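Per this note's numbering, residue 1 is the first one in the sequence shown, and the count goes up by one each step.
Treat the hints as calculated values from the structure; they're not laboratory data.
These numbers come from a predicted model, not from an experiment.
Wrong hints could be hidden among the right ones.
Claimed, not checked - Pairs of lysine-lysine residues, derived as DSSO-like cross-links and limited to a Cα-Cα distance of at most 30 Å, are as follows:
1) K9 - K66
2) K56 - K19
3) K9 - K39
4) K89 - K107
5) K42 - K80
6) K19 - K45
7) K9 - K100
8) K56 - K41
9) K42 - K9
10) K80 - K56
11) K56 - K66
12) K66 - K42
13) K107 - K95
14) K9 - K95
15) K41 - K80
16) K9 - K41
17) K66 - K39
18) K89 - K100
19) K45 - K9
20) K80 - K95
21) K66 - K41
22) K80 - K39
23) K9 - K80
24) K9 - K56
25) K19 - K100
26) K56 - K89
27) K45 - K95
28) K41 - K19
29) K89 - K19
30) K19 - K95
31) K56 - K42
32) K107 - K45
33) K80 - K107
34) K39 - K95
35) K19 - K66
36) K89 - K9
What the hints assert, rightly or not - Just the calculated beta-carbon pair ranges, DEER-fashion:
37) G69 - N43: 29 to 37 Å
38) T77 - K107: 37 to 45 Å
39) E97 - N47: 24 to 32 Å
In this text, a Cβ means the ideal position worked out from N, Cα and C, and glycines have one as well.
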Amino acid sequence: MHINLSPDKRYYSIGEVAKAFDVNASLIRFWDSEFDILKPKKNAKGNRMFTPEDVKNLQLIYHLVKERGFTLEGARTHLKEGQKKTLDKFDIITKLEGIKSELSAIKNNL
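Generate coordinates for the entire structure from the input sequences, incorporating the hints supplied.
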């Protein structure tokens, strides 16, 4: 899954993140409460502000839960047991999907 968020921003609102993942904000809030890997900042109003690192972790959670069918407990266990290895593999897969997308766009423009 390739997320379209501006790479120049330091923080993203929960609405921006939910829209990028095409899910409800309530799911993002739920995942925030369920996964220690997520650590969004809260502004003065108490609104969650997600860093690019949080978005990357959300991509991993989305991949495990929505695409691979993990239960929440299974995803938590998977993240705790092999977090570094999982993140490295996920980074590679994400980069390859981005390259594939770009190549497809170039092919379509030919």
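request  = Check each numbered hint from earlier against the structure, then list the numbers of those it violates in ascending order.
outcome  = 27, 32 and 33
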